[in-house]
Amino acid sequence: MSRIGNRWFGPEIVLFSVILFFVEFVRGASLISFLPIFGQKTLGLNFDIIGIAITAHYLTDTVLKMGIGYLLDRFSIRFVVHTGLLASLAGIFLLQFAFQPWLFIVAAALYGVGISPIWIVCLTKVSEENRATQMGFLYTIWLVGLGSGPIICNIVLDYSTPLTYYSLLSLSLLCWILSLFISNRKTRAVTTLPLREQLVILGDRLRHMKLLLPGMILQTAGAGMLVPILPSFAENKLGMTGAQYSLLLLAGGACTAIGLIPFGRLSDKLGGKKWFLVLGFVLIAAALFGLSLEPPLWESMLLAAVLGLSYASLLPAWNALLAAYVPPQQSGLGWGIFSTVEGVGGMIGPVIGGVMASHMGESAVVWYAALMYGLIGLFYIWFPFRVFADNASPTK
Numbered sequence: 046m047s048r049i050g051n052r053w054f055g056p057e058i059v060l061f062s063v064i065l066f067f068v069e070f071v072r073g074a075s076l077i078s079f080l081p082i083f084g085q086k087t088l089g090l091n092f093d094i095i096g097i098a099i100t101a102h103y104l105t106d107t108v109l110k111m112g113i114g115y116l117l118d119r120f121s122i123r124f125v126v127h128t129g130l131l132a133s134l135a136g137i138f139l140l141q142f143a144f145q146p147w148l149f150i151v152a153a154a155l156y157g158v159g160i161s162p163i164w165i166v167c168l169t170k171v172s173e174e175n176r177a178t179q180m181g182f183l184y185t186i187w188l189v190g191l192g193s194g195p196i197i198c199n200i201v202l203d204y205s206t207p208l209t210y211y212s213l214l215s216l217s218l219l220c221w222i223l224s225l226f227i228s229n230r231k232t233r234a235v236t237t238l239p240l241r242e243q244l245v246i247l248g249d250r251l252r253h254m255k256l257l258l259p260g261m262i263l264q265t266a267g268a269g270m271l272v273p274i275l276p277s278f279a280e281n282k283l284g285m286t287g288a289q290y291s292l293l294l295l296a297g298g299a300c301t302a303i304g305l306i307p308f309g310r311l312s313d314k315l316g317g318k319k320w321f322l323v324l325g326f327v328l329i330a331a332a333l334f335g336l337s338l339e340p341p342l343w344e345s346m347l348l349a350a351v352l353g354l355s356y357a358s359l360l361p362a363w364n365a366l367l368a369a370y371v372p373p374q375q376s377g378l379g380w381g382i383f384s385t386v387e388g389v390g391g392m393i394g395p396v397i398g399g400v401m402a403s404h405m406g407e408s409a410v411v412w413y414a415a416l417m418y419g420l421i422g423l424f425y426i427w428f429p430f431r432v433f434a435d436n437a438s439p440t441k
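Just add 45 to wherever you are in the sequence shown, counting from 1, and you've got the numbering used here.
Quick caveat, the hints were computed from the structure, so don't treat them as lab data. Please note that the accuracy of each hint is not assured.
Straight-line Cα separation of at most 20 Å, SDA-like style, residue types lysine to any residue; simulated pairs [said to hold, decoys possible]:
1. LYS314 to ILE303
2. LYS86 to TYR211
3. LYS86 to PRO207
4. LYS282 to SER408
5. LYS319 to ILE306
6. LYS282 to ALA268
As the structure is a prediction and not an experimental result, all values here were calculated from the model.
Turn these sequences into a full structure, and let the hints steer you where they fit.
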């Protein structure tokens with residue numbers, strides 16, 4: 046166990062974790078706070094344009110996941126990550142000139158190019174012996190960065206929009222510089238197969254796990270629907286100031302970060318994944334439904350905490366389940382394709398949420414997202430998970 050711990054927390058993983066933290070910090074600050082607020086209040090854009098811009102971000106992120114995974118199986122980690130982060134830096138840089146809606150959308154799309162590599166690299170470094178526990182660690186880094194970004198961004202935005210922007214630009218530059226210290230080698234020594242053969246292997250896995258595909262797409266679609274409207278929903282429907290909205294995000298993010306590693310270890314120990322998934326989806330639905338009723342501040346904080354714990358129970362088990370379908374010889378391509386499938390929901394969600402908010406209001410978006418998560422949870426109550434134990438065994 047000591048040997049595994051030393052390998053997991055060695056200098057290489059520490060560097061990846063630091064880069065991942067700052068990348069997700071800027072991503073969370075940009076998507077959840079800066080882009081919606083800057084687009085609506087400074088540029089005067091409608092929810093549908095903001096939703097399209099966020100979808101453009103997820104579109105490039107999602108489409109490139111498969112290609113980046115393929116590249117990671119053939120080229121050095123440093124080359125792929127460094128190039129991607131340079132594109133993200135360019136996207137943030139262009140935002141200062143985004144006075145036209147099309148340039149606003151292009152900048153958001155370009156920023157999405159650099160998100161995929163560092164996350165997929167981290168996924169390929171996870172060991173099989175303690176996958177759910179280590180996924181819990183990665184998700185803790187991811188969520189602390191993703192959650193603290195908008196919290197700090199909201200506070201700084203109350204004082205200065207330019208200061209907020211240049212802080213995000215500086216952190217993007219820092220990530221790009223840190224990527225220069227990544228080892229200049231491939232993700233691992235693998236037997237290289239032609240892309241067509243790799244796609245056949247992974248296509249077979251997707252056919253075996255077709256009943257999981259609705260959950261993979263719909264859970265990210267539900268989250269994506271909320272992204273364009275969260276700041277305005279908190280201000281207009283929940284009556285929150287920027288600082289109170291930050292506290293709401295902190296409540297959810299802190300509960301998620303606290304719960305991820307314990308739930309990951311519990312999932313490793315118990316072995317079963319079904320009830321972690323069902324409980325997570327159903328509680329997310331219940332919490333979002335409560336928020337759609339526009340409750341007072343203290344109830345909103347409590348519901349945010351429930352959301353956080355629900356994600357903490359869901360995410361490690363979900364990714365450990367997906368990991369059974371990643372062929373070991375093509376882990377980069379495998380995670381790239383599965384992340385692409387999940388990213389389809391993130392692509393369509395913001396557009397749906399933005400259009401729905403423009404026509405039906407922000408509360409309706411939250412309600413429909415709750416309905417979506419509730420249906421996923423109910424579906425997996427009756428889902429035959431023993432099928433996955435049988436189908437996944439050849440990859441172990």
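Checklist entry - Do the alpha carbons of LYS86 and TYR211 lie within 20 Å of each other, as the hint requires? => result holds, 18 Å
Next on the checklist: Tell me if the straight-line CA distance from LYS282 to ALA268 falls inside 20 Å.
Outcome noted: With Cα atoms ~18 Å apart, LYS282 and ALA268 stay inside 20 Å; holds.
Checklist entry - Is the Cα-Cα distance between LYS319 and ILE306 20 Å or less? => result Measuring from Cα to Cα gives roughly 18 Å; hence the hint holds.
Next on the checklist: Does SER408 sit within 20 Å of LYS282, going by the straight-line distance between their CA atoms?
Outcome noted: holds, 7 Å
Next on the checklist: Between the alpha carbons of LYS314 and ILE303, is the straight-line distance 20 Å or under?
Outcome noted: OK: LYS314 and ILE303 at ~18 Å, within 20 Å.
Next on the checklist: So if I understand the rule, the pair passes when the alpha-carbon distance is 20 Å or less; does LYS86 with PRO207 pass?
Outcome noted: Holds, at about 14 Å.
Checked against the numbered hints listed earlier, the structure breaks none of them; every hint is satisfied.
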